[in-house]
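Asker: Taking the hints into account, I'd like the entire structure generated from these sequences.
Chains A and B supply the protein sequences, listed in that same order.
My numbering applies: residue 1 is where the first sequence begins, and numbers increase by one.
My numbering applies: residue 1 is where the second sequence begins, and numbers increase by one.
Possibly wrong hints are sitting among the right ones.
Said to hold, decoys possible - Below are the DSBU-like pairs computed for lysine-lysine, each with C-alpha atoms no more than 30 Å apart in a straight line:
hint, chain 1, residue 1, chain 2, residue 2
1, A, Lys17, B, Lys71
2, A, Lys41, B, Lys9
3, B, Lys71, A, Lys93
4, A, Lys105, A, Lys17
5, B, Lys14, A, Lys41
6, B, Lys14, A, Lys93
7, A, Lys41, A, Lys68
8, A, Lys56, A, Lys93
9, A, Lys56, A, Lys68
10, A, Lys56, A, Lys41
11, B, Lys57, A, Lys93
12, B, Lys57, A, Lys3
13, B, Lys14, A, Lys105
14, A, Lys105, B, Lys57
15, A, Lys68, A, Lys17
16, A, Lys68, A, Lys93
As the list claims (entries may be wrong) - Derived Cβ-Cβ restraints for the label pairs, each shown as a range:
hint, chain 1, residue 1, chain 2, residue 2, range
17, B, Thr112, A, Arg60, 40 to 48 Å
18, A, Thr28, B, Asp56, 19 to 27 Å
19, A, Ala78, B, Ser67, 46 to 54 Å
20, A, Gln14, B, Ser67, 44 to 52 Å
21, B, Gly53, A, His75, 36 to 44 Å
22, B, Lys57, A, Asn24, 35 to 43 Å
23, A, Lys41, B, Met19, 20 to 28 Å
24, B, Asp56, A, Ala78, 41 to 49 Å
25, A, Lys3, B, Phe10, 31 to 39 Å
26, A, Thr28, B, Asn30, 23 to 31 Å
27, A, Glu15, B, Glu52, 42 to 50 Å
28, B, Thr15, A, Gly53, 48 to 56 Å
29, A, Tyr22, B, Met41, 16 to 24 Å
It should be emphasised that the hints constitute simulated quantities derived from the structure, not laboratory data.
For every residue, glycine included, the Cβ atom is placed at its ideal position computed from N, Cα and C.
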Amino acid sequence: ELKVEQNPLFLSMQEGKNYTIYCNYSTTSDRLYWYRQDPGKSLESLFVLLSNGAVKQEGRLMASLDTKARLSTLHITAAVHDLSATYFCAVDKAGGGADGLTFGKGTHLIIQP
Amino acid sequence: NAGVTQTPKFQVLKTGQSMTLQCAQDMNHNSMYWYRQDPGMGLRLIYYSASEGTTDKGEVPNGYNVSRLNKREFSLRLESAAPSQTSVYFCASSAIYNSPLHFGNGTRLTVT
Numbered sequence: 001e002l003k004v005e006q007n008p009l010f011l012s013m014q015e016g017k018n019y020t021i022y023c024n025y026s027t028t029s030d031r032l033y034w035y036r037q038d039p040g041k042s043l044e045s046l047f048v049l050l051s052n053g054a055v056k057q058e059g060r061l062m063a064s065l066d067t068k069a070r071l072s073t074l075h076i077t078a079a080v081h082d083l084s085a086t087y088f089c090a091v092d093k094a095g096g097g098a099d100g101l102t103f104g105k106g107t108h109l110i111i112q113p
Numbered sequence: 001n002a003g004v005t006q007t008p009k010f011q012v013l014k015t016g017q018s019m020t021l022q023c024a025q026d027m028n029h030n031s032m033y034w035y036r037q038d039p040g041m042g043l044r045l046i047y048y049s050a051s052e053g054t055t056d057k058g059e060v061p062n063g064y065n066v067s068r069l070n071k072r073e074f075s076l077r078l079e080s081a082a083p084s085q086t087s088v089y090f091c092a093s094s095a096i097y098n099s100p101l102h103f104g105n106g107t108r109l110t111v112t
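Answerer: Right, here's the structure in full:
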């Protein structure tokens, strides 16, 4: 059974600081996704990581994937208040198919002025 | 372009009542999914439909049924609602393998 663990689950940080969210998963996969959810809203796709060593960046967010360590990171650089949200990683089982993603429990991020 | 549309947005049911959550996508996607989101639990897959004409159970299917009516529509039915089914339900779709899921805006369901 595929398990996806995120940490921390809750993070309060100050504007201007850097921080990293970690996503570990339990079985072989080379496809990992990051989503953002604002309170009371739907999920928005941020990054799609499809191979070992993949790195994607968008503004102050950078995501990477290490399939050998079964680890993905979401790094926040010089945080701003607008990045306050809940961030989810989700993993696709190895072997292909369209049988859905397994999500972590989410990291609730609060960025304070 | 509406994307993934879910109805209703809110619903309150009494224990034992039934209802159907509707989902439609206009992106010509092959695969569709139903997830539930509970506080501190992330999203858990209820049922999915990899392609038109097929449906399969996900992680938490008990108490639910689904119908893939056509390529666009995928409905979720609660036959006899229970308080444990109080949750936010999200429908999602995807085009092809390796593409991200596109989510609807969710249905907030309360069962009393």
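Asker: For this structure, which hints from the list above don't hold up?
Answerer: 1, 6, 7 and 22
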